[in-house]
Amino acid sequence: MDLILALKAIIMGLVEGFTEFLPISSTGHLILAGSLLDFTKDVSKEVMDVFEIAIQAGAILAVCWEYRQRIGSVLTTFGSEAKSRKFVLNVAIAFLPLAVIGLAIGKMIKHALFKPVPVAMAFIIGGIVILLVERRARTNPVTVRVNSVDEMTPFDALKVGCAQAFALIPGTSRSGSTIIGGMLLGLSRKTATEFSFFLAIPTLLAATFYSLYKARDILSATDVPLFGLGTVSAFISAFLCVRWLLRYISSHDFTFFAWYRIVFGLLVLASAHYGWVVWAE
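For the sequence shown, this note's numbering gives the first residue as 61, with consecutive numbering after it.
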């Protein structure tokens, strides 16, 4: 692997890590970054598609490290404490809707909607939804009824999982769906954000391993350095992003990200219109 390709892998990893847990769609940013870097000049389209999913493992490891004490406590007390079993059950329940719908019709949804206009509309509509949810949170704060992850019921988890399923629509954002969906369902901003982190662990790990398994025939040992660099840089940037986001939401709302999504949606339309980015698969 030459130096230029190594730098591209590092940049792609940084983009993944910095955008995965923000409500702005990491997939859209990776598509733009990969196109601007001309990534397919160095690797095949098939390898690039797997690379973009596999480096999510770095982002997930960052969450596992940040919450290592909580995760360790759950694992060691799973057999003795009802609270730990409830936590695992809630995460499992929330994971199911996306897994089931994704396996059933995920590929069909992506094939039908992975085009500039639907992607741009998902960005813009998502931004508008965030603005409306934040306005509701300011004008009617009593709607918050769940102030910690431990207070969530299995039904709360199921509803957040259904919200996450909207992330199958390209440009929607998995984090955006779970965080904003959680807030609409009565979770506090901090609770919705933290549960989104925990829910990302099975969701993204499943996507990573499934993608690697499907691509086992097209990958080789020569791809390991490329994937390794992308994963490590995704871990570093995601770790920094998670810590920053937790501090940010303690005194800010998501309005900035809403306007960012709207502007990004307009950028998607412009990039497709002028041929800057090839959005079709």
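Hints listed in this document are in silico derivations from the structure and should not be mistaken for laboratory results.
Be aware that a few hints might be false.
What the hints assert, rightly or not - FRET-style restraints, in silico, Cβ to Cβ:
| id | residue 1 | residue 2 | range |
| --- | --- | --- | --- |
| 1 | 323 | 210 | 16 to 24 angstroms |
| 2 | 133 | 338 | 45 to 53 angstroms |
| 3 | 185 | 161 | 35 to 43 angstroms |
| 4 | 200 | 64 | 24 to 32 angstroms |
| 5 | 303 | 202 | 28 to 36 angstroms |
| 6 | 200 | 282 | 24 to 32 angstroms |
| 7 | 160 | 306 | 17 to 25 angstroms |
Just so it is clear, CB atoms sit at the ideal spot from N, CA and C, and this is done for glycine as well.
C-beta pair residue 200, residue 64: status relative to the range 24 to 32 angstroms that was hinted: Since residue 200 and residue 64 have Cβ atoms about 53 angstroms apart, the given range 24 to 32 angstroms is violated.
Outcome for the supplied range 45 to 53 angstroms, where the beta carbon pair is residue 133 and residue 338: Given a distance of about 46 angstroms, which is inside 45 to 53 angstroms, the answer is holds.
Satisfaction of the hinted span 35 to 43 angstroms by the C-beta atoms belonging to residue 185 and residue 161: violated, 19 angstroms
Range hint 17 to 25 angstroms: satisfied by the CB atoms of residue 160 and residue 306? violated, 30 angstroms
Beta-carbon spacing of residue 303 to residue 202 - inside the hinted bounds 28 to 36 angstroms or not: holds, 30 angstroms
Between residue 323 and residue 210, does the C-beta distance stay in 16 to 24 angstroms? violated, 37 angstroms
With 24 to 32 angstroms as the target window, see if residue 200 and residue 282 comply at their CB atoms. violated, 56 angstroms
The structure fails to meet hints 1, 3, 4, 6 and 7 from the earlier list, while all remaining hints are met.
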